[in-house]
Amino acid sequence: MWKYTGSERPSFAEEPGPGQESVWDYPRPPEVVACDSLVEVQLGAAMLVSTRQSRRVLETASPPTYYLPPDAVDWSLLVKTADRSFCEWKGAATYWALAYDSKKVPVAWSYEGPSERFAAIDGFLSCYPGRIACFVDGERVQPQPGEFYGGWVTSTITGPVKGGPGTGHW
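Convert by adding 414 to the 1-based position in the sequence shown; the result is the number in the working numbering.
Everything labelled a hint here was simulated from the structure, so no lab data went into it.
Virtual Cβ for every residue (Gly too), placed ideally from N, Cα, C.
There's no promise every hint is true.
[Stated by the list, open to error] In silico lysine-lysine, DSS-like type, Cα no more than 25 Å apart, as pairs:
#, residue 1, residue 2
1, K518, K504
2, K518, K494
3, K494, K504
4, K517, K494
[What the hints assert, rightly or not] Cβ-Cβ distance ranges computed for the label pairs, FRET-style:
#, residue 1, residue 2, range
5, E429, E502, 14 to 22 Å
6, Q456, E429, 28 to 36 Å
7, G458, F426, 37 to 45 Å
8, Q434, Q456, 33 to 41 Å
9, E435, G505, 20 to 28 Å
10, V493, R466, 21 to 29 Å
11, S529, E561, 36 to 44 Å
12, S425, V493, 43 to 51 Å
13, S425, G527, 24 to 32 Å
14, D536, G431, 29 to 37 Å
15, E561, A506, 15 to 23 Å
16, A459, P432, 17 to 25 Å
17, R545, A506, 31 to 39 Å
18, S529, P484, 30 to 38 Å
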């Protein structure tokens with residue numbers, strides 16, 4: 415069984431083509447990178463976010479997670495939930511549901527006061543592309559496999575990505 419050592423792309427990794435990135439070239443621990451792609455999150459006809467000032471968190475074996483600046487978010491469409499989690503890298507996460515959802519199913523999360531390494535995403539919002547319509551430069555984002563993960567899969571990345579069956583040891 416292959417075990418990631420942090421120093422090489424595994425033999426089963428897909429080779430990136432022109433304009434693509436391999437998730438196996440992303441760092442561990444993860445890092446935050448500024449992004450000027452057009453990122454949009456839509457609720458039917460309503461626009462939750464439209465920005466060219468997002469930040470991507472890049473981590474080995476995972477698709478990028480896009481974080482959206484708080485001043486670009488229509489916060490009137492969201493409410494905080496009671497859900498919480500803790501990331502070993504970023505700290506405590508706050509979860510958000512659609513304001514009209516009586517079940518309060520989280521569609522997004524944020525970090526208020528994350529670790530120093532992730533201060534650049536303080537208060538920024540990230541969305542689950544499997545629960546809400548997310549787009550990067552007009553391309554509909556596919557969700558990262560697995561219920562917990564929030565990575566954004568687009569045609570600009572190659573994998574395979576963490577989250578599917580048999581990837582728990584990555």
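For each hint, the structure was consulted:
1. K518 with K504: Distance ~24 Å between K518 and K504 Cα, so the pair holds.
2. K518 with K494: Holds, at about 9 Å.
3. K494 with K504: holds (19 Å)
4. K517 with K494: holds (12 Å)
5. E429 with E502: 14 to 22 Å: violated (30 Å)
6. Q456 with E429: 28 to 36 Å: The hinted range 28 to 36 Å holds for Q456 and E429, with Cβ atoms some 33 Å apart.
7. G458 with F426: 37 to 45 Å: holds (39 Å)
8. Q434 with Q456: 33 to 41 Å: violated (25 Å)
9. E435 with G505: 20 to 28 Å: holds (26 Å)
10. V493 with R466: 21 to 29 Å: The hint (21 to 29 Å, Cβ to Cβ) holds, given that V493 and R466 are roughly 27 Å apart.
11. S529 with E561: 36 to 44 Å: violated (24 Å)
12. S425 with V493: 43 to 51 Å: holds (46 Å)
13. S425 with G527: 24 to 32 Å: violated (41 Å)
14. D536 with G431: 29 to 37 Å: holds (35 Å)
15. E561 with A506: 15 to 23 Å: holds (20 Å)
16. A459 with P432: 17 to 25 Å: For P432 against A459, whose Cβ atoms are near 35 Å apart, the range 17 to 25 Å is violated.
17. R545 with A506: 31 to 39 Å: violated (21 Å)
18. S529 with P484: 30 to 38 Å: violated (18 Å)
Checked against the numbered hints listed earlier, the structure breaks hints 5, 8, 11, 13, 16, 17 and 18; every other hint is satisfied.
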